[in-house]
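Number of protein chains: 2
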Amino acid sequence: MTSRTPDPARRSERSRQAILTAAAELVTELGYARLTIEAIAARAGVGKQTIYRWWPSKGAVVFDALLAGNANEAGSLALPDTGDVAADLRTLLRGTADELASPFLGSAGRALAAEVLTDPKLLDEYRERLLGPLLEVTRQRLRAARTAGQLAADADPDLAVELLYGPMYYRWLHGLGPLDHGYADRLVELVLRALRP
Amino acid sequence: MTSRTPDPARRSERSRQAILTAAAELVTELGYARLTIEAIAARAGVGKQTIYRWWPSKGAVVFDALLAGNANEAGSLALPDTGDVAADLRTLLRGTADELASPFLGSAGRALAAEVLTDPKLLDEYRERLLGPLLEVTRQRLRAARTAGQLAADADPDLAVELLYGPMYYRWLHGLGPLDHGYADRLVELVLRALRP
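Just so you know, the sequences run in chain order F and D.
Heads up: the first sequence is residues 1 to 197, going by the numbering used here.
Heads up: the second sequence is residues 1 to 197, going by the numbering used here.
For the record, the hints were derived by calculation from the structure and aren't laboratory data.
Take these hints with a grain of salt, some might be off.
To be verified - Heads up, incomplete: computed chain F residues facing chain D, CB under 7 Å, no partners named:
1) Gly-166
2) Pro-167
3) Leu-190
Using N, Cα and C, we set each Cβ at its ideal position, and we do this for glycine too.
Excised from the complex, chain F in its bound form:
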């Protein structure tokens, strides 16, 4: 009957997953502004103090929840690396376009972006927990391409990630045009023209 013996580590991990799932669901349903730690705790079936034991704030748990939604089964954020940087960046930006064009990011995501803009503490948490890891795995993929000779030896990964994500984000924020796979592909083609040897 060992499988029925209470296992604190396993129970703890189940609670953590339940909290992340509840946070992801509730930010979609309510938007960031109306979301509360109490509501996350109630849906996850845990006490508020359990959430505060692991996360310092509402922003922290929400960004971890959004990051978990983008992570692989090992729980880490990883980009495809087939060896073909053009194909991999197309996969990446098509996925980003799909997310930005989804109903969730069309409303709750805009509200969250607006709050990040005007709350320096929330921006810090966003950079630390969600944007930073995303940009870092992207830079790693670009460095691998540079090492393989597919990008110029002096290609700057910091500038390159802004060139990849910036135009799409700008189009999304301002509603300048559709975010479809054709757009993602044309953007990748231009960015690679800028970065190739």
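Given chain F, put chain D in place with the hints provided.
Just chain D, lined up with the frame of chain F:
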């Protein structure tokens, strides 16, 4: 004594200028959310109805005021055209970097960007009155360079303006790094590599 004769057209133009100046000053001092049409009218020395005769909303007068701050003496938005597209784009993006790095856009501008994000009507006014004209003169400058053979014949002006402004805006919004002239120059160099024949 003709110069003292009241001239309705001239008086009207003076009022319009006073309103635009007051709106630009007040949005800097108060931020967009706390700004009112009453406050603009009081500072400009006109009645509220005078403002509403020319502008349908607070957003409309603020965006016209910000556009006027970027216009030349003829009152129109125009980009430099020296014939050297690289030099002209450097001038353009250095100016954009200076504006984004200025104390005004560091606080009031972020608040305005956040409101544009979450208010579809305000976003429409922003696109119509400020962003649209800016993107259009930028596309015109790029089309001229394409005609002159400095850009590829198939360079897409819509995508090109997003490639120019998007990365800098992304860096600014997320506080990813400094917005200085060196950054503007490196960005222009990359974008031109993407767009050249």
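Comparing the hints with the structure gives:
For the restraint placing Gly-166 (chain F) at the interface with chain D, the shortest Cβ-Cβ distance is roughly 3 Å, inside the 7 Å limit, so the hint holds. Annotation: Pro-167 (chain F) was flagged as interfacial toward chain D, and the flag holds, the nearest CB pair being 4 Å apart, inside 7 Å. The closest approach between the C-beta of Leu-190 (chain F) and any C-beta of chain D is roughly 4 Å, which is under the 7 Å cut-off, so the hint is satisfied.
Of the hints listed earlier, there is not a single one the structure fails to meet.
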